[in-house]
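S.K.: Taken in order, these protein sequences are the chains called W and Z.
Going by numbering that gives the first Met the number 0, the first residue of the first sequence is number 0, and it counts up by one from there.
Going by numbering that gives the first Met the number 0, the first residue of the second sequence is number 0, and it counts up by one from there.
Simulated from the structure, these hints should not be mistaken for lab results.
Quick caveat: nothing in here was measured; it's all calculated off a predicted structure.
Same chains, same names: a pair is fine if it fits in one copy or spans any two.
Cut-off 25 Å, straight-line C-alpha distance, at most; resulting in silico cross-link-like pairs (BS3-like, lysine-lysine):
1. Lys178 to Lys126
2. Lys318 to Lys406
3. Lys174 to Lys126
4. Lys178 to Lys386
5. Lys40 to Lys281
6. Lys57 to Lys40
7. Lys321 to Lys347
Number of protein chains: 2
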Amino acid sequence: MQLDQLDQATPEQLKQWEAELANEYQTIVEQKLSLDLTRGKPSPEQLNLSDALDGILKGDYRAQDGTDTRNYGGLDGVPEGKQLGANLMGVSPDNVLVGGNSSLTLMFQVMLTAHQFGLAGPESAWKNEGEVKFLCPVPGYDRHHTVCEQLGIEMIPVPMTENGPDMDKVEDLVKQDSKIKGIWCVPKYSNPTGVVYSDDTVKRIAGLGKIAGANFRVFWDNAYAVHDLVDNPPELACVMSACERQGTEDSVIQFASTSKITHAGAGVAFVNASAANLKGFKQFLGSCTIGPDKVNQIRHSRFLPDRDALLQHMEGHAKLLKPRFAAVLDALDQAFSDNDLGHWQAPKGGYFVSFDTRPGCARETVRLASEAGVKLTPAGATFPYGKDPEDRNIRIAPSVPSVSEVKGAMQVFVICVKLASVRAQLKA
Amino acid sequence: MQLDQLDQATPEQLKQWEAELANEYQTIVEQKLSLDLTRGKPSPEQLNLSDALDGILKGDYRAQDGTDTRNYGGLDGVPEGKQLGANLMGVSPDNVLVGGNSSLTLMFQVMLTAHQFGLAGPESAWKNEGEVKFLCPVPGYDRHHTVCEQLGIEMIPVPMTENGPDMDKVEDLVKQDSKIKGIWCVPKYSNPTGVVYSDDTVKRIAGLGKIAGANFRVFWDNAYAVHDLVDNPPELACVMSACERQGTEDSVIQFASTSKITHAGAGVAFVNASAANLKGFKQFLGSCTIGPDKVNQIRHSRFLPDRDALLQHMEGHAKLLKPRFAAVLDALDQAFSDNDLGHWQAPKGGYFVSFDTRPGCARETVRLASEAGVKLTPAGATFPYGKDPEDRNIRIAPSVPSVSEVKGAMQVFVICVKLASVRAQLKA
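Chain W on its own, in the form it takes in the complex:
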C-alpha cells in the first residue's frame, strides 16, 4: 500500500486503502491498549535524578547572605536563588526575582499586574485603555492561552515559521493596533513546534518596544532554556542583551523554572525583568504574599550550584529523553517521509514533536487514536480558544511512557493518521 498520491488516487483505490487500514485499525482496537502521549512532563526516571534534594540541607538553613530561609520575608528571593535563575537564563542575578514552584503562576501574576494594577504605576494598567489584545504564535502553549482567556484578553493568532513567529506580521499588527499589549513567546524549543527563535527574530522581538506603546510587554517563557536533546545544541540569543542594545529593557519579561530540571511540581520559578518592571511586580506581590519558599531555593541552589552542574544534570535528562524522541521520529519518518500525509520537524530539545496532518484530519486522528487506547492532546489545544482553523496540528509528548510504549503508541498514531487522511479524501 502506497499513500504517496492521495490526491490522484481513484475512488476505488481510496476505498481499497480505507478497507485495509480499517482492518489494521480494528486489530489494534482489539488489543485494548492504554497509552498516553499527552503530557509534557518528566518521567519518574527523570524525577529520580533530583531525589537528593530532600535532605540536602543537613540542618543548615542559612542563605549565603545570612538570611534564615525558614522564616518569613524577602519578596524576591535569596541571592543564590537569584543566581540559579541567572545561570538558567543567562542574565544578571540583579534582574531576577525568585517565585514559588510555578512559572505559570508568575506569568499569570505579571499579566494580572500589567492588566489591572499597572507595572509602571496605576495609570499604566492595560484595563485603562479598554479592550486588550495579545498576540499568540500558533501552534502554541494552551496554558498561555488560558491566562489570557481568564483575564478577558482577546487573542490574535500569528503563524510560527521555522525561525519563530512571523515577524513581518507581528510588526504590522503591533503598528496597526495599539490595543495589542504583548505577545507570548516560547523562544527555545517552542511548545510544541520545537523551533528555536533565530538571532534576527530575537532582535526584532526586542525591537517591538520601539514600535509599540510604553505598556507593551513580551512574555518570554524560556521554559526549555537548557533542555537540549542534541550534542551541539542551538544557541538562543539573549533577548535582554538585544533589548539593552535597543533601549527597550522594559518591553520584555522573561520567565523560567526548574520544573523540568528537578521535581516538576516542587521546583523554583523565576522572573527576569528590568528594575522598573520588577519594582511594579513586587508592589503587587507585596499585597498577596509574605514571600516565596526560600528553603526550597537553597535546596535547589545547593543541588545545582553553578551553570556547569546545571548542564551536566540536564545530560541525565537528555539520555532518558533521546530514545523516546527517536522512537517518535523514526515512526514518522518511516510512515510519512515519502508522502504528504504529515509534516513535522525533528526538535533539538524540549518536550514535544509537533505534527501537522493534511487539513481537516487532526480531530479525527485524535478521536481514532483515543478509541484505540492511545491518548493524544486534544486537537486544537495548541490554538487560542482551542480552535485550529485548518484542523491540522497534533502535539506529541513522548517523555512519560517507556520507549517500547512510545513505539507502540506511534504504530497506532501512524495508522490513525493514514485512516483519517484516506477517509477525508474519500469525502472530498
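Starting from the known structure of chain W, arrange chain Z on it as the hints suggest.
M.R.: For chain Z alone, coordinates are given in the frame of chain W:
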C-alpha cells in the same frame, strides 16, 4: 511618682512628671538600644523545632494514594495534605484544599476570584454589582486590609469586643447595605487583640449568610487555631458546623497554614470551604497553576502525622513563647494596673498583645520608642488605610527577641507611654 490621676493633676504636677520622665527617657536614649517588637513571626528557636522536615522523606516521594508528589498535577493537594489541614482546622478533609506556602496568597486569590471571576460562576462576581465593601473588625490585621485595598474594595471598620466583632453592628450593616460582600475574621487569638470569638459570635457569623445576599463571604482566617499559651486553652466553636446547622455553608471560607507551626516561610497553607466554593476557586486556580508543591505537603504530613502530634509540637512553641508574653504582661501590669494610661488583655494564645493608650497617644509613643531604639509596629497599622481614629492602638509582638530583650524593650515602652500621656495631658 504616681500617674493614677492624670486628669486631676495640676499643671505644675504634670510639668514635674514630664521633667522626671523626660530625664529617664534621655538616659535610655543614650544607651543606644536596638530592640524590635514589630514582627509576628517565630524566633529561630521556634523554627529549630521543625528542622527535621528537610530529609524526612528518605527517598519516598509517594503520597498515600500513590501520587508521585514530585511531578505536576493535583490542584487541591494529596490526601495526607488535606488531612493535615483538617486536623488543624477541625473539619472534614473533603472540604480542604491545600495551597502553597502562604495562606495570605490563598486569601488574596479567593478574594480575587470572588471579586472578578465569581465563586459561583461569572455572574456571581462582586464587580458586576459595582462598588464593593468589606467589614473589617478593628483593630485587625494589616495584611487583610492590604488585600482589600489592592482590589479596590472599600473597608468599613467595626469595633471588636471581648467576644469578637460587635455583632449587632455587623448585622445592622449587612442588612442595610447590600454592597457589603463580606467580613474579615481572625476568630481565635485575634490579631492583635487575642480575643477568641464566643460561641454566640460564631453562631451569628455563620448566620450572616441568611441575612446577606448569596455572594456574601466571611473570610475566616484561623491563623492561630492551635497556638495556645495556656494549659486549658479556650475552644473556638466550629464555624462550619454552625453553618451546616443554618444552611449557610457557602457563606464562610476558612483559611489556615503551618506558617507559625513549622517553618514560617516554607510551610503549607489551606482553604476549607463548601464543595461549591472549592469548585469555583479551583476553576480559577486551574488558570494560574499546575498545582501546589506536593512534596512539601508530604514532608509536613509525615512530620505532623495526626492531631496529637500537632498539639504536642505546639507545646514546644508555647514553652518558648510563654516567658516572652509574661515579660510583656508583667511590665504592663506593673506600670499601668493602677492607672488609666493603658488598656490591654492578657491573650491566651497567638502572637500579640494589643495595647490601647489614652486617646491621641499611640503615634507619639511609637515615635518616642523608635528614637530610643525600640521598634514598634507603626501606630494605625491595625486599622484600614492605616488610620486609627482615636490614635490609641499599638500591637506588641514579643516572639522574636530573647526574654531579656523583651524585658528591656518593655521598660522603654512603659516610659514612652507615660511620657506621651503626660505630654498629651499638658497640651490638653
